[in-house]
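J.: Spelled out from the first residue to the last, the chains are:
2 protein chains.
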Amino acid sequence: MKLAIVGASGAVGHELLGVLEKSSLNFSELRLYASPRSAGSILECRGQKITVEVMPEGAIDADVILASAGGGISKTQAPIWAAAGAVVIDNSSAFRYEDTVPLVVPEINGDVLLESDWKAGGIIANPNCTTAILVMALEPLHKAFGIKRAIVSTYQATSGAGAKGMQELEQQTRNSLEGKPVVNEVFAHPIVFNLIPHIDAFLDNGYTKEEMKVLWETHKIMRAPQIKLSCTAVRIPTMRAHSEAVTLELERPATPQAARALLEAAAGVDVVDDPATKRYPMPLTASGKYNIEVGRIRSSLVFDGGLDLFICGDQLLKGAALNAVQIAEYLQQHNKI
Amino acid sequence: MKLAIVGASGAVGHELLGVLEKSSLNFSELRLYASPRSAGSILECRGQKITVEVMPEGAIDADVILASAGGGISKTQAPIWAAAGAVVIDNSSAFRYEDTVPLVVPEINGDVLLESDWKAGGIIANPNCTTAILVMALEPLHKAFGIKRAIVSTYQATSGAGAKGMQELEQQTRNSLEGKPVVNEVFAHPIVFNLIPHIDAFLDNGYTKEEMKVLWETHKIMRAPQIKLSCTAVRIPTMRAHSEAVTLELERPATPQAARALLEAAAGVDVVDDPATKRYPMPLTASGKYNIEVGRIRSSLVFDGGLDLFICGDQLLKGAALNAVQIAEYLQQHNKI
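Quick mapping for you: the protein sequence lines, in order, are chains P and R. Heads up, the first sequence is in the working numbering, so the first residue is 5 and it goes up one at a time. Heads up, the second sequence is in the working numbering, so the first residue is 5 and it goes up one at a time.
One chain only, chain P, in its complex shape (with noise of 0.2 Å):
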């Protein structure tokens, strides 16, 4: 199996590099590519050292392409791509609402690539980070309780915006403190020592279109149009990791115990809620983890039988890298690729 990766030198394809290196999928070769700025430097998978080379216009001659360069890149080649035969995993938004393209969590609906009908566009949509995520603590409690209403607040790390986010805190943090001005060029406003509630663009109805992806996807993701959700999606000073408050309406009655209990049966979920020594998810532990952390389960106070938790997850991984590999682990054992 012939592997590409699109956008190698991002953020993104950074961390497809350290997950594939632990990876146990299969693949005879790896080729990466980039914008022309970035080809020609070289990085290392599994002992083996690859230049990066300039992205070509038309097809790619690989089996599988990750790819993780932006929506108007995507837009474009992925369908070329596929064309050509490859199956593209694509980490932009571009594709993630279209019926024929499958939006996938593996833990979750990994069963929709055993499907035949998904092969004839050869696109597998990788979800936005914080719905990733958030479906991660989601669906276990769903299937038990059966979720009415979500409530979302998210805290998302400057690495939403790729390494260039990163950068921009890290300078802004470094003038701020030296006294000297703070610059602002990837973010709408400076977010050294601030927040923004404002992510992605605006739309009409006043919510931005982050909000509205974790809605939109938490729907095609847990096939579970019913779920009333709102989001308010806010970007805070940190570096990795995207927390996220989340308040559960739910059919059936839950204590915090069956909840927990659900939790920590669940694939790629750690539970890490005990007040007493002071553990609850928190950037600082759930960076560079591949599981998400779930914590601060309570009892809802506005909910009957509700719920109210905190989430934490590494959005480079469980909300794109990782994921991403997942999907073309699942594909591979189940021989569709």
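It is worth saying that the hints were derived from the structure and are not from the lab. Heads up, a few of these hints could be off.
[What the hints assert, rightly or not] Think about it this way: if two alpha-carbon atoms lie no more than 20 Å apart in a straight line, the pair counts; the simulated PhoX-like pairs of lysine-lysine are:
{"no.": "1", "chain 1": "P", "residue 1": "K282", "chain 2": "R", "residue 2": "K213"}
{"no.": "2", "chain 1": "R", "residue 1": "K232", "chain 2": "P", "residue 2": "K152"}
{"no.": "3", "chain 1": "R", "residue 1": "K293", "chain 2": "P", "residue 2": "K152"}
{"no.": "4", "chain 1": "P", "residue 1": "K232", "chain 2": "P", "residue 2": "K213"}
{"no.": "5", "chain 1": "P", "residue 1": "K213", "chain 2": "R", "residue 2": "K213"}
{"no.": "6", "chain 1": "P", "residue 1": "K293", "chain 2": "P", "residue 2": "K26"}
{"no.": "7", "chain 1": "R", "residue 1": "K293", "chain 2": "P", "residue 2": "K232"}
{"no.": "8", "chain 1": "R", "residue 1": "K152", "chain 2": "P", "residue 2": "K232"}
{"no.": "9", "chain 1": "P", "residue 1": "K79", "chain 2": "P", "residue 2": "K53"}
{"no.": "10", "chain 1": "R", "residue 1": "K282", "chain 2": "R", "residue 2": "K293"}
Use these hints to put chain R onto chain P, whose structure you have.
T.: Here is chain R on its own, set in the frame of chain P:
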């Protein structure tokens, strides 16, 4: 009127002097008290240099005492000061939940100070900072539409833990950028490039005391114990101004337009809500400002006719020092001091 500040050298004490500088409050004398460590330093207010004195053990010769030296000192000293005839405006949580102690945000329930019985105890409680900011936005909406449920997620600044909280964030940030070890004393974990979903002590129901304060104090200040409210309180690496994401279920349906008009007309509130020009509440714009900012006002996606909004307010001002001085001003305007 003789005025005294206890805890003059702390973060709130510093703000009290700044607010008094611009306030119309009439006083003939201002005395400043602090711990022996800070005594002897010289602070300025209204052109006068005032030497900080060690807080005496017994009564203080003042008509009004603004107390901001922590719950322990308030608990033992405020009753002594009040018994000697002073009106104590106490910034701690020590007396907030006593039936005989008014808990006041003047714009909302200043009228309780006009009732005859409150002066029995002589103590007036200044609310929790997160709550004071929240109720400024909720009260106009509650009057018009009747709030049934409120879900609140907070983004709280390090200065909520006093000047030492800000110093810890700054020191940790310097160390982090220089690759030196990060040490935490004020907060339970490092706060630099992190968040901590834990403010104040954990209670048996899994909520923190900070989270329950928001419920208890909203009920008392708004005189609306029927509101169901759930809060997740999170410390983030900002210096000052607390933010809050709020989802509201209402008795009577509201439009964002109607909510905006009501909040624009409310004293102490600035509507900052123009996505087209990237204007929304942020610590960057709310810090140092008397009015709280409300924005991101939009129709709820989980409650028909409900609202989602985002609030940011300087918790050292409206959440502490400003509100305390406003209580004193209210008393003076109504000839109660």
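J.: All the hints need checking, so say for each whether the structure fits it.
T.: Cross-check of the supplied hints:
no.: 1; hint: K282/P to K213/R; in the structure: holds (14 Å)
no.: 2; hint: K232/R to K152/P; in the structure: holds (18 Å)
no.: 3; hint: K293/R to K152/P; in the structure: violated (39 Å)
no.: 4; hint: K232/P to K213/P; in the structure: holds (17 Å)
no.: 5; hint: K213/P to K213/R; in the structure: violated (35 Å)
no.: 6; hint: K293/P to K26/P; in the structure: holds (13 Å)
no.: 7; hint: K293/R to K232/P; in the structure: violated (36 Å)
no.: 8; hint: K152/R to K232/P; in the structure: holds (18 Å)
no.: 9; hint: K79/P to K53/P; in the structure: violated (30 Å)
no.: 10; hint: K282/R to K293/R; in the structure: holds (19 Å)
Hint violations for this structure: numbers 3, 5, 7 and 9, all remaining hints satisfied.
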